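Visitor: If you follow the hints, you should be able to join the two separate chains into one complex; please do so.
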Amino acid sequence: MKLKHSLFTRRQFLNGLLGGWLGALLASFLYPVIKFVFPPTREPDQVILPFADFRDMEPNSVKTFLWGTKPGILKKKDDGSYLAFVGVCTHLDCNVSYLADQRKFFCACHDGWYDENGRNIGGPPPKPLRRLVLSIEGEDLIIKREGGERVED
Amino acid sequence: MKNILQSIYFYLDTRFKLSDLIQFAKKKKVPEHKHSFWYYFGGICLFLFILQVLTGILLLLYYTPSVDSAHESIQFIMSQVKFGWLMRSVHSWSANILIAAIFIHMFSSFFLKAYRSPRELTWITGFFLLLIFLAFGFSGYLLPWNELSFFATRIGSDIAGTLPLIGNHIKTFILGGTDVTGATISRFFWLHIGILPLLTVMILGIHVLLVQILGMSKPIGIPENKVKEVPFFPNFILKDSLGWMLILALIGVLCVFFPWEIGQKADPFAATPIGIKPEWYFTFMFSTLKIIPAHIFSIEGEMIAIFGFMIGGLLWMLVPFLDRNAAKERRSPVFSFIGWVVLLYIVVMTAVTYLLPGL
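Protein sequences appear in the order of chains P and G. Under this note's numbering, the letters of the first sequence match residues 1 to 153, in that order. Under this note's numbering, the letters of the second sequence match residues 154 to 512, in that order.
So that you can see chain G by itself, here it is in the shape it has in the complex (with noise of 0.2 angstroms):
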């Protein structure tokens, strides 16, 4: 048995170099100190989404992309499937934990400096993977066709209608048409589950690998002789798979306790419900739209929080080739303060959004 083990292990390792990456595997090394806690989000990220990808798949089994039926197959799937009700749970409540440990993996990587040469592309690929993601709940929130979601969809495609000149354009590509109906649950469906999956494994790929490559960041400050490495094998991975397992408890937990709702069925006709509001990662957009003033200065205020979103993201993809200091391992503390700013701007309109609703 032993025999045949080894011949078939040869016969693959000719083929593709396996003692290669056993080796890699071997070799690669944590770096271990005050930060090293920030490391495991990465890895949280990752598990997520393959979590994403197998509850997702399932789910495909049943639902039926259609304004007559998605509502109805969601139902279907909450009470008459098998274990239905905790693959969707799963799906919905991984989902916003995985939107929230991508925030907490960017900031963290972010005050970390860990975005510094040469691992600008790292940052770049992950600023990209935090919009795809953002595109993954935007899409999948409307798959149940519920009221919430109809109504959530159509603001948001509207206010991508507002920009100037190429507003309108994007939002019938958007919805496939000038409404939310049945085109819009066809294209979200071709979004959700063809394309930004394609998307993701692509530039996931690139992603891991560069971590491969270029090994964990280490914070600014700590001389390369004195940081203490531990072996990635054995030792971090299984922390790793704790982290993993933790997780996996909570949201089975959540989905016991909080199984996902599926709301009422969407009408287009009907009035929008009282206290409509997004999903709640696109909150402090939505808040700061709500609160900015119609005009500032004769331009119209929505468009100058719209472009300021767009130039701030863009700005925040490129930081890595903007913080001059820590691309020379010197300190940061502008870029730190920055960081700290967002992070408050950020918290706090989510806070306002849920706790001031009148507003």
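Next comes chain P alone, as it looks inside the complex (with noise of 0.2 angstroms):
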């Protein structure tokens, strides 16, 4: 069957053809250089430490470790068990610091308050501290994400 009226002319179709093809040329060499220009995260899965630097803390004390490029913060409580935290405000990316005569983390940008189980009491932050999960092989402290969730991909 033959159309009596087209669309479109030849010339179109292939200008179509020609800029279509060159738009997706574009399209793949803009692809990987945008996946290029956002770094890959340098948020380590885990982080192992030697338990022996820990284990003789005070109860109701915290020691900074190394969360990648953040402080992970540990806290050892009072019945002796401990947790640990990545030790950034939730409200705008300071680190806090632990106040151990109030039991309270404190972050001193926005004047943010969190409870000693990391819970945000006061102040600007929106979320508690971020946990990471604990556990303790032999003479390993190994910390890990907590649910092997992800925050940036």
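I should point out that these hints are in silico values taken from the structure, not numbers from a laboratory. Owing to the predicted nature of the structure, the values given are computational and were not obtained by experimental measurement. Possibly wrong hints are sitting among the right ones.
Computed footprint of chain P on chain G; a stretch qualifies when at least three of its residues, placed anywhere within it, have a C-beta under 8 angstroms from a C-beta of chain P [stated by the list, open to error]:
no., region
1, 210-224
2, 233-244
Over the 12 angstroms line for every Cβ pair with chain G, so calculated as not near, a few chain P residues [unchecked claim]:
no., residue
3, 4
4, 41
5, 137
Built from N, CA and C at the ideal position, the CB exists for glycine as well.
Guide: Below you can see the structure in the form of structure tokens.
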């Protein structure tokens, strides 16, 4: 069957083909470039520390460790068990400190407060401090992301 | 919508004189004859240079020029950064293909006598571009700080050091000290991403501008009125871009199947690995230095070879003024013969490096 009228001319068809091909080509170039420009996350899957460094901590005290490029905080509770946090305020990325006498975490940037378990109790922080999963295997203290979650890809 | 576009165009046109440029592009023609094929290599060089600039800028996001982290940052790019392996492999592969394309472009222009009047300056700027890109290769080779590039740089700078009187000063200037150290990385990095790109943009600008002003050279012996011409836009540019796409596809295949290696991190106190040699485009000079007798008429052989290359290079640059026949549109078989000898020498000496490594 021959159509009486065509919606487009041969020239338009060819131009569309060329333009579409160029567009696809450009997209295939831009995709790797965009992926490349965003750096891969440096957050570790886990951190292994010698338990000996932390065994003699006083109750109600904290020690810091390196969680990738961020500070990690290990806290010994009164009952002798441990908690691990990412020591970064959930408000705007400042590092928090532990005030042992008040049993609170404090962020100096915008006066943010967390209780001794890392729950946000005052000031602007919208979320509790990020908890990390702790386990002790032999002489090693193994600290992992909670539930294997990834904060960013 | 159309009116807005038109008024934007009108605004820019009255300021940048766009319509003159468009008129020029419309009128631009490229001669077509049995040697037209070689015209494409200039465009390929330009395309590969642009590719180098783009991938180079991207690599700058992660590369750090220091002894402690240069090699590590390349490892990070190759193994951690998404498509990092691709960007670096494209940069390395297309750098090598670019050097090859420059040589093809240069020899084809030489044999077609495209250097003859009035295009002497096109040839000379092209010669400077060759030197610049060899320097690009030499400086870029060291940046990953692996053992091959480390020792290649030691050898290369030591050759400069053997020159009488100024040799040691040149070597110290190149290396930023008496040895290849962290200072050398800083210096090569400075050269590779600062000075050389700046020089390239200026000289390449003149080179390309000259080609636009003077038009493409036609081979000697084709009568002026008998040359067929095709419009630059769209006929020639479409074929040009077809060539670019083919080169790009080739680079893509090479990068996927042969990603550029990282090598062992350089250790300044380790023994030089066996089979050390410079990048392939320097090997013809490297082999000459190996083959030449230690003394010729009580002059150091190495010195003679180095001076030979320097004088040879100078004469090569001045060919447009030496070839009096071509300047008068007459055939100049002597220069074609010289060209073949030079080409044969480069090919044979390069092959010798790889086929007779024990030499």
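Visitor: Determine for every hint whether it applies to the structure shown.
Guide: Each hint tested on the structure:
1. 210-224: Holds, because 3 residues of the region 210-224 of chain G bring their Cβ atoms closer than 8 angstroms to Cβ atoms of chain P.
2. 233-244: Since three or more residues must qualify, the claim that chain P covers the region 233-244 of chain G holds, with 7 doing so at under 8 angstroms.
3. 4: Since the minimum Cβ distance to chain G is about 30 angstroms, residue 4 of chain P lies beyond 12 angstroms and the statement holds.
4. 41: The claim is violated: residue 41 of chain P sits with its nearest Cβ about 10 angstroms from chain G, within 12 angstroms.
5. 137: 27 angstroms, holds
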